[in-house]
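K.L.:
Residue strings, one per chain:
Protein chains: 4
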Amino acid sequence: MTSTALNSCSGRTFVWPVRVYWEDTDAGGIVYYANYLKYMERARTEWLRALGCDQTAMRTRHRIQFVVARASVEFRRPARFDDRLEIDIRLQALRRVSIELAQHVRNAERELLCRAEVKIGCVDVESFRPRGIPLSLQQELEIEH
Amino acid sequence: MTSTALNSCSGRTFVWPVRVYWEDTDAGGIVYYANYLKYMERARTEWLRALGCDQTAMRTRHRIQFVVARASVEFRRPARFDDRLEIDIRLQALRRVSIELAQHVRNAERELLCRAEVKIGCVDVESFRPRGIPLSLQQELEIEH
Amino acid sequence: MTSTALNSCSGRTFVWPVRVYWEDTDAGGIVYYANYLKYMERARTEWLRALGCDQTAMRTRHRIQFVVARASVEFRRPARFDDRLEIDIRLQALRRVSIELAQHVRNAERELLCRAEVKIGCVDVESFRPRGIPLSLQQELEIEH
Amino acid sequence: MTSTALNSCSGRTFVWPVRVYWEDTDAGGIVYYANYLKYMERARTEWLRALGCDQTAMRTRHRIQFVVARASVEFRRPARFDDRLEIDIRLQALRRVSIELAQHVRNAERELLCRAEVKIGCVDVESFRPRGIPLSLQQELEIEH
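Protein chains in written order, with our numbering: chain U, 1334 to 1478; chain V, 1334 to 1478; chain Z, 1334 to 1478; chain C, 1334 to 1478.
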């Protein structure tokens, strides 16, 4: 699996490939709508990894984790079993305790299937109260932005 | 399982109970964010059933089905294993080929965990092009509205 | 939702109802095979609850949890969207650190869709090493047996 | 993504890599047991693809599809978020309407997490009655065997 970092007007776009398996589809013959959110989360996990962020260490050492605070998703065209999709991510806003991302899902023909705006918050693993994003990650995100 | 229809200022609210099982949670100790969309779809299916809509007949006889066109979800508080949740639905807008719904997820203490605005479109099962919502369902939805 | 406890030659059978939603199906038009294991786990959770076992307390107070050690599943007939299923459980063997269960999935016509033998082990939440099933649950299980 | 075909005493082993994401874990901190069956199905899909089998064409042109008839799974050790797993497949038996496979899930340290015996049947997409495996695939499978 490869990830691509492309330069664009401002900021960078991270891209992650996903294959559609039987588990992802429903009896309507297409990818079940909630499963696009799984794809988008996989891409965010790989993006964080590419930025040097170890989510397991965040949880066990710093006792913080990321949670999704808001997701607005538009479903444009269906994906089907065996389709090869690309999920992209672009950082839209960076704050002390949260980030906002734009994400797109495209098929092999580069058609837009799905677009989303996602707000991620950094919280305490016990209380779920807001906590600052680790400084090292803040610095990496500023470069992305 | 029981569904409750409560009168409110205008329109009615349908409520569907859901229990959180292991399958719904993630290693963060809470319900995985995409799974709230499953809960909301279960409630929509039961709401349609309560309105006399047989989705299997829609597909096989009329060759149409509902798809989610847009979902905007705010995640406020986490749910955990074994929690009893209530998912509600209220019709916000009714058009010839689509409907808009407001949905809330609350826990047993009536705390708001999650709120969503969801747009559902009626489409051809093959082409996925917009098709009119069946008249009998249109009439039921007008009463709801 | 109701659970039924029926007497039979030896031991008792616990039954839990499940409805098939879009999330459970795949593009083959039927319930995705791994999802029967989710249904069976829901039934086990409700069976444990009916026996007075609070799995959250087990984890937080006693630092133990149940894990599936083995599952042998035969898939006989497909279930489809909107089907009403019944999942049953019967205790087959009771040991100090594990239990064995027989589970069946039937549809509304009482046809057998799926049968399974499942071995559940009680383990430490950190080390995943075998630990004794709590005595209070052992006693309840002996009555079931 | 790469697949490896290793020679062994008799027959060949196909290997498919999988990464554990949040969606795969549960509040016990480990991969939810039913999700190993998803991993194993992904590997089978990629194995069939490597053998030249196009499952979409099978469904639409030949009106047949594969279904799981039996799965016996032993869960030995837990996998956790971010783990890199390898799923292998080896053909055990080849019949006119079914095949039997042995599958293993191992982590990056080559520890065995999970092993399974899986029987796959070829059926008509409507009636779900047994149908012969396509000859071209039969021939490929004989080479594997």
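Keep in mind the hints are simulated off the structure, nothing from the lab. The C-beta atom is built at its ideal place from N, Cα and C for all residues, glycine as well. Hints should not be assumed to be uniformly reliable.
Quick look at which bits of chain C chain Z covers, simulated, 3 or more residues with Cβ under 8 Å [to be verified]: (1) 1355-1366; (2) 1398-1410; (3) 1418-1425.
No farther apart than 16 Å at their CA atoms in a straight line, the calculated lysine to aspartate or glutamate pairs in the EDC-like style are these [what the hints assert, rightly or not]: (4) Z:K1452 to Z:E1433; (5) Z:K1452 to C:E1407; (6) U:K1452 to V:E1433; (7) V:K1452 to V:E1433; (8) C:K1452 to C:E1433; (9) C:K1452 to Z:E1407; (10) U:K1452 to U:E1433; (11) V:K1452 to U:E1407.
Listed below are several chain U residues computed to face chain V (Cβ distance under 10 Å; list not exhaustive) [unchecked claim]: (12) G1361; (13) C1386; (14) A1390.
K.L.:
Run every hint past the structure and note whether it holds.
P.N.:
Quick rundown of the hints versus the structure:
1. Here the region 1355-1366 of chain C counts 4 residues with a CB under 8 Å from a CB of chain Z, which clears the bar of 3, and the coverage holds.
2. Only residues whose beta carbon comes within less than 8 Å of a beta carbon in chain Z count, and the region 1398-1410 of chain C has 11; three or more means the coverage holds.
3. By the rule of at least three residues with a Cβ nearer than 8 Å to a Cβ of chain Z, the coverage given for the region 1418-1425 of chain C is violated, with 0 such residues.
4. The straight-line distance between the Cα atoms of Z:K1452 and Z:E1433 is roughly 4 Å, inside the 16 Å bound, and the hint therefore holds.
5. Simply put, Z:K1452 and C:E1407 have alpha-carbon atoms about 9 Å apart, close enough for the 16 Å limit, and the pair holds.
6. Restraint check for U:K1452 and V:E1433: not satisfied, since their Cα atoms lie roughly 23 Å apart, outside the 16 Å limit.
7. With a C-alpha separation of about 4 Å, the suggested pairing of V:K1452 with V:E1433 holds against the 16 Å cut-off.
8. Distance check on the hinted pair: C:K1452 and C:E1433 sit about 4 Å apart at the alpha-carbon level, within 16 Å; holds.
9. Straight-line distance between C-alpha atoms of C:K1452 and Z:E1407 comes to about 9 Å, which keeps the hinted pair within the 16 Å bound.
10. For the given pair, U:K1452 sits about 4 Å from U:E1433 by alpha-carbon distance, which is consistent with the 16 Å threshold.
11. Straight-line distance between C-alpha atoms of V:K1452 and U:E1407 comes to about 9 Å, which keeps the hinted pair within the 16 Å bound.
12. Interface hint status for U:G1361: upheld, as the beta-carbon distance to the closest one in chain V is roughly 5 Å, under 10 Å.
13. Of the supplied interface hints, the one on U:C1386 is violated, with its beta-carbon coming no nearer than about 15 Å to a beta-carbon of chain V, more than 10 Å.
14. Interface hint at U:A1390: violated, since its Cβ lies 14 Å from the closest Cβ of chain V, which is beyond the 10 Å cut-off.
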